[in-house]
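> Each chain, written out:
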Amino acid sequence: MTDELELLHSANPFTADGPFYGDGPLDHHAERRLNRLLHERRSGRRRLLWSLVAGAAVVATVFTLLLGGPSGTPAVAAPRPLVVQANSTPVSLKQLAALAAAVAADGTPVLRKGTHVQSWSLGMSDDKPPVTIPEERIVRWNADDSHTERVVEDGHVLKETTYPPSWSDVPPEARPPHDVAGLRAYLQETAYSKTPLTTPELLAAVGELLDHWTLGARESAALARLLAGADGLRPVGEVTDRLGRRGEAYVYRQSGSRLMLIMDPATGAVLGMESTFTKDQPEYGVEAGDVMDYSAWTR
Amino acid sequence: MSNDEIFAAAYREHYWAVSRYVARRLDGRSGEVEEVVAEVFTVAWRRRADLPPVPLPWLYGVARNCLANAVRGYGRRRRLVHRLGNDESAHGRQVAAGPDAEAPGSWVHEALSRLSSADQEVLRLTAWEELGVEEVAVVLGCGVRAAAMRLHRARRRLRAEIDRLSVVAGGMP
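Chains C and E, in that order, give the protein sequences. Numbering follows the numbering used here, in which position 66 of the first sequence is assigned residue number 457; successive positions increment by one, without gaps. Numbering follows the numbering used here, in which position 54 of the second sequence is assigned residue number 68; successive positions increment by one, without gaps.
So here's chain C without its partners, still in its complex pose:
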């Protein structure tokens, strides 16, 4: 009789020389994660936000809105969800994409590495209060490929770090293309996906992209076209975004949460994203309408 261990051994579902997870050099994603660990990036938080929304992993902060009051003391209250203006006529993403293409005719502004994002997210640790103060993150790249990251909270520079020169040909550090097909593939790679992205995955990948790059007009135009082709994004009308800017909102409903994409009606660029719980979940301490997280990007 064949030894039971031998039988089990021969039924090994993944082997070192097999087609899946076989030994060999690291793939792009593994390499990227290693780099992130070695440079002590915020990979933990990014991954959490990713799975949190199953989609829009973007965090925006508008501390002016939240810190309110002349006293300047931070009001540590959860943000209220953005309200769509009643009676506003929604603009379709297709129209916005056409506008973005027209605006991109002269190629300016151009793509720039780095970001300026304001973000807020519901705290996820069980033993700390759920609301955290929004933060502003500014990343600027220098001519020698080093970059500086500044984190501002409540008007104070929390941290300013300069990283040594680095190069990467892997999204989202790599330069994004400005054609739709190329951008689609780029975002798919950003999302670690081997298959076309669902809308929530697409929005999350876009958030990652915008956390690394300030798009030029051509990239924004390609992105707008890509978003116009995404399933389930419903135009709902005009909103005032977290930075007080006029925006057009598009909503994607999931079970338990709602993702909102905010676009600039003048240029077709992405202004921000946010996600909101849509059901009471008392066992988790959240109510319908509670904001999960938001991000707003500026140039």
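Careful: at least some of the hints might be erroneous.
As the list claims (entries may be wrong) - Only part of the chain E face toward chain C is listed, based on derived beta-carbon distances under 8 Å:
| no. | residue |
| --- | --- |
| 1 | Arg34 |
| 2 | Glu48 |
| 3 | Trp59 |
| 4 | Trp142 |
| 5 | Leu145 |
| 6 | Leu172 |
What the hints assert, rightly or not - Covered by chain E, per the in silico footprint, the following chain C stretches (three or more residues, Cβ under 8 Å):
| no. | stretch |
| --- | --- |
| 7 | 402 to 413 |
| 8 | 417 to 428 |
To be verified - Using C-beta positions, here's what the derived DEER-type ranges look like:
| no. | chain 1 | residue 1 | chain 2 | residue 2 | range |
| --- | --- | --- | --- | --- | --- |
| 9 | C | Gly505 | E | Gly157 | 53 to 59 Å |
| 10 | C | Gly680 | E | Ala23 | 28 to 34 Å |
| 11 | E | Asp18 | C | Thr586 | 31 to 37 Å |
What the hints contain is simulated information worked out from the structure, not anything from laboratory work. As the structure is a computational prediction, the values presented were derived from the model and not from experiment. C-beta: ideal position from N, C-alpha, C; glycine also.
Could you slot chain E onto chain C? The hints should help.
Then chain E, alone, in the frame of chain C:
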């Protein structure tokens, strides 16, 4: 070599072995596998000063905890996160094996699945991760003799399940 360099070398050398460990226990759900592996190495990074000279069994031990956490959830809010994520990713993202997609040796998997999770783990570590009993002890966090005894008992139980299945199937393949 600095701790950072030692970590990077261990990462490169063992990344796929750890991935296989996780994939074997997650039925190869590729999105989740990468997530859990990332978590394993994040934990390992934070504890890189403790990385043993032969790191793989230790890494498997970390992976075992991360897997348990991934399934159980770190806490209320993370379980919510997990649920929201799964609601969206459950539809059509996992390739379902049809009834005629019988992988060779799947009956052995069936026999294995009838054992307790503790028995399954000691058998998998021995037969799939191909660890010796001292290494199994490191992963399970028990003494070598305890590991040897667990393996001995688990083998007997697997044998019994295999015999049961082969009687039903009408003979050994």
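> So, as I understand it, the hint says tryptophan 142 of chain E touches chain C; can you test that by seeing if any CB pair is closer than 8 Å?
With a closest approach of 5 Å, the tryptophan 142 of chain E hint holds.
> Hold the hint about tryptophan 59 of chain E up to the distance rule: shortest CB distance to chain C must be less than 8 Å.
5 Å, holds
> How about the stretch 417 to 428 of chain C: do at least three of its residues have a C-beta closer than 8 Å to a C-beta of chain E?
holds (count 6)
> Interface hint check: arginine 34 of chain E, Cβ to nearest Cβ on chain C, cutoff 8 Å. Holds or violated?
Given a least distance of 4 Å, the restraint on arginine 34 of chain E holds.
> Between the beta carbons of glycine 680 of chain C and alanine 23 of chain E, is the distance compatible with 28 to 34 Å?
For glycine 680 of chain C and alanine 23 of chain E the Cβ distance comes to about 49 Å; the hint is violated.
> Just to be careful: measuring from the Cβ of leucine 172 of chain E to every Cβ in chain C, is the smallest value less than 8 Å?
Since chain C brings a Cβ to about 5 Å from leucine 172 of chain E, closer than 8 Å, the hint holds.
> I want to verify a distance hint. Is the separation of the beta carbons of aspartate 18 of chain E and threonine 586 of chain C within 31 to 37 Å?
Given range 31 to 37 Å: holds, Cβ gap about 35 Å.
> Does the nearest C-beta of chain C fall within a distance shorter than 8 Å of the C-beta of leucine 145 of chain E?
12 Å, violated
> Verify this for me: three or more residues of the stretch 402 to 413 of chain C with a beta carbon less than 8 Å from a beta carbon of chain E.
holds (count 9)
> Less than 8 Å between beta-carbons is the criterion; does glutamate 48 of chain E satisfy it with respect to chain C?
6 Å, holds
> Does the beta carbon distance between glycine 505 of chain C and glycine 157 of chain E stay inside 53 to 59 Å, or does it fall outside?
The hint (53 to 59 Å, Cβ to Cβ) holds, given that glycine 505 of chain C and glycine 157 of chain E are roughly 54 Å apart.
Of the hints listed earlier, those the structure fails to meet are numbers 5 and 10, in rising order.
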